[in-house]
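Peer 1: Residue strings, one per chain:
Protein chains: 2
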Amino acid sequence: MANDKKLVEAITSMDVDFAQWYTDVVKKAELCDYASVKGCMVIKPAGYALWENIQKELDRRFKETGVENVYMPLFIPEGLLQKEKDHVEGFAPEVAWVTHGGLEELQERMCVRPTSETLFCDFYAKDIHSYRDLPKVYNQWCSVVRWEKTTRPFLRSREFLWQEGHTAHATAEEAQERTEQMLNVYADFCEEVLAVPVVRGQKTDKEKFAGAEATYTIEALMHDGKALQSGTSHNFGDGFARAFGIQYAAKDNSLQYVHQTSWGLSTRIIGAIIMIHGDDNGLVLPPKIAPVQVMVVPIQQKKEGVLEKALEVKGALSGFRVKLDDSDKSPGWKFSESEMRGIPVRVEVGPKDIANNQAVLVRRDTHEKVTVPLDQIGQEVGRLLDAIQEDMFTRAKAHLEAHTYEAVDFDTFTKTIEEKPGFVKAMWCGNQGCEDKVKEITGATSRCMPFAQERLSGHCVCCGKPATKMVYWGRAY
Amino acid sequence: MANDKKLVEAITSMDVDFAQWYTDVVKKAELCDYASVKGCMVIKPAGYALWENIQKELDRRFKETGVENVYMPLFIPEGLLQKEKDHVEGFAPEVAWVTHGGLEELQERMCVRPTSETLFCDFYAKDIHSYRDLPKVYNQWCSVVRWEKTTRPFLRSREFLWQEGHTAHATAEEAQERTEQMLNVYADFCEEVLAVPVVRGQKTDKEKFAGAEATYTIEALMHDGKALQSGTSHNFGDGFARAFGIQYAAKDNSLQYVHQTSWGLSTRIIGAIIMIHGDDNGLVLPPKIAPVQVMVVPIQQKKEGVLEKALEVKGALSGFRVKLDDSDKSPGWKFSESEMRGIPVRVEVGPKDIANNQAVLVRRDTHEKVTVPLDQIGQEVGRLLDAIQEDMFTRAKAHLEAHTYEAVDFDTFTKTIEEKPGFVKAMWCGNQGCEDKVKEITGATSRCMPFAQERLSGHCVCCGKPATKMVYWGRAY
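Chains as they are written, first to last, in this note's numbering: chain Z, 1 to 477; chain G, 1 to 477.
Honestly, the hints are just simulated from the structure, not real lab data. There's no promise every hint is true.
Identical chains share a label here; the pair holds if one copy fits it or two copies do between them.
Straight-line distance between alpha carbons at most 27 Å, and here's what the computed DSS-like set of lysine-lysine pairs gives [to be verified]:
(1) K126 to K329
(2) K56 to K314
(3) K63 to K28
(4) K206 to K85
(5) K397 to K314
(6) K56 to K288
(7) K302 to K38
(8) K63 to K303
(9) K136 to K56
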């Protein structure tokens, strides 16, 4: 059993050092690894399979709302990036520049896309002529590059994978509707599929996307009480359309600017899955997104009939994503490994079980064991996976609620931020000076103005002036 | 009807100017468009949906053979690219170089991956320790950049989408097996799904991949008689392993180098689909890969009951990828548009059809019409799609065979290349000088040494020296 312990011992306890625990899980669960290129990741099979499942489900939900997938170039000529003033100011300091093609210096340097608003706008300006060409509801799955100084696997890396939707509409109302619709697609996806509860709301002007009129966000709360922005949806109004000259002939033949949106969700969300559901034994994956949902582990597998029965059990579970671990490792090692990888259900089959025509099911999330008759194993595993999915969401939701505080005065506010990791709800006057001050003193930022507003008091928690907006504040990744 | 003609008139006839016909189809079928970045494409919804179907089917076939998907970084540090001598010589002249990250100059410049052998090798060197870690059978779906001077949509662009598989094995035999296995996966996919017949064979040393011991290829023949390399699979032996130090401890504890392969198929294959199946009315898509398989077009749709019946028909065809064109365009325009987009079957439903409880099915490939009873429309459409798929392959295969010639002397050889576009089979001595001479005089290159060898004579078609290899020669895209 010495070997069995090794795998687990290598993980730092989350209560001792959460950051190190995170790094350990990422590495031991073989989700990703560092690459030779500083700040870039190698996403390994276990991590990429997770991303594939996320893509499949999210893409299906997108297409149900009329989204079409396209692919835009990787490069943005410098002149194109500069067309929208706020946008270039936001992104230019953190892009990678290509200056040479083959042996020749380029006449105009190009950046590797940090996001593709400018490319979509350039395309729409050529492609949209009449109201008949609208709406355009395009999306692309791709990688983007932002030259970050400090990086962490999944959470912040110089290159990451994401999808970016870019739409063009005839009216401001339609653009607003699409902006909110996609935020809700993200929120529902997170809650229903990833078991990640989120707060839906609007970013303040300080925190909104470079070039947007309004940015909406879903904010999740990690196990350590820090917030993670998990998906955003932006309404651009006609700002980009004016900068790029994207006009259409309306039914009355007048020339109008389009109204645009964009929205994105990235591999960052894998970080949220790890930090919300994981524990000291490693990853805990929600069944709906787990690449392997059930691991069958034979006990005393060299005894006659055990491996055969284990294979039979695997066959009976073929409606799920099931694997059988018939390697020559010890059962204890297999248990640890299966737990480290977050596989929702483990099925143990040994000589005693076979004699009693039963198997033992072990939940990854609670470690509970139940013994079930072999002839009912399919329905029992199905029931268990459903229960795990639901319970994981319920627990995460309870954690979010238990770590959401209120403050009506600045002392309570700063003390809560300092002592009670989580969200703090507080009123805000709308002045950026107060946001700056909060950040400077507490390190917390305004996460969002939630759609579900409450009136905690009539005064800004920071300056005491009249306030009508309630804001979620918190320290964030 | 003036409008109906316009769409078709805009296409150049393929017999008049094949290159222009190709460009017209790409544009009119809305597959892709030029981007602001010279030599890069915007892949539009119709083109990307085709790629998504290709990905889905190919990925499924990969996974059946044990392939796991991963994601490697976009960038390759210059020092890493230079580790394998032949490889860097092959690729360095055509890569895009990143020299600045944000506002700072990089200490070591990086290229945007033209292919990822070096990244996978760098990773494998760290990740492979023991025979237990083998084989690694990884693949990634991504975009790559090669700074080409002349570009054409799908066929040759500075950025393109592809998949690249990279494997590491304990033995040379296993690597060779995997190399051939993946070539056969490509060939079967092309023939069974894309209705694209291919010649399977090995590249000559002159034409093989930079750094490979052996390159295998599938070669397809376009409608104009030019060849298109449609997928390649490389055996690297232990060359990269020695350059990167990828070693494993064998069962006997000796330290061994791994044996590697790589294999790729790109969006170029969309060019093959266009140029093999297309006609003067536009794209013709094989049913298995067509994003829309059936287009229902109501005739006199303003007449009572027509649109309702058309919707009913669409419902009856819900087992297929079906659309209904209920726009206010004329039926003639709708027919042209559906043909331009290559939709395999058009279903016409008008008042006369409704009165007779029937519908008219029109094949895109042959323009044949059949009238079928409405209550059998599902099975009739299914039968028709199967027939179209099969007939398209049969026709393409007949075209390939009819345009494959033989030559045993150089005069016949050069005359055939000049006058009869297609493949020319001829014997070759194995000397690169003869390949160079053929290329210089005829513009043709050795496409492959087919697995199915024939002995046409005992002498090289070029120099007359003894020859044992039969080669397919041809002009190529």
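Peer 1: All hints are to be evaluated individually against the structure, with a verdict given for each.
Peer 2: Here is how each hint holds up against the structure:
1. K126 to K329: This pair counts as between: shortest inter-copy Cα distance 23 Å, intra-copy 61 Å.
2. K56 to K314: Result: close both inside a copy and across copies, 25 Å intra and 26 Å inter.
3. K63 to K28: Cα proximity of K63 and K28: across copies only (24 Å, versus 35 Å in one copy).
4. K206 to K85: Within one copy only: 16 Å inside a chain, 51 Å across chains, cut-off 27 Å.
5. K397 to K314: Result: close neither inside a copy nor across copies, 33 Å intra and 43 Å inter.
6. K56 to K288: both (12 Å within a copy, 20 Å between copies)
7. K302 to K38: neither (46 Å within a copy, 63 Å between copies)
8. K63 to K303: Cα proximity of K63 and K303: none, with 51 Å in one copy and 32 Å across.
9. K136 to K56: Close inside one copy (22 Å) and across copies (25 Å); limit 27 Å.
The structure is inconsistent with the numbered hints 5, 7 and 8, although it conforms to all the rest.
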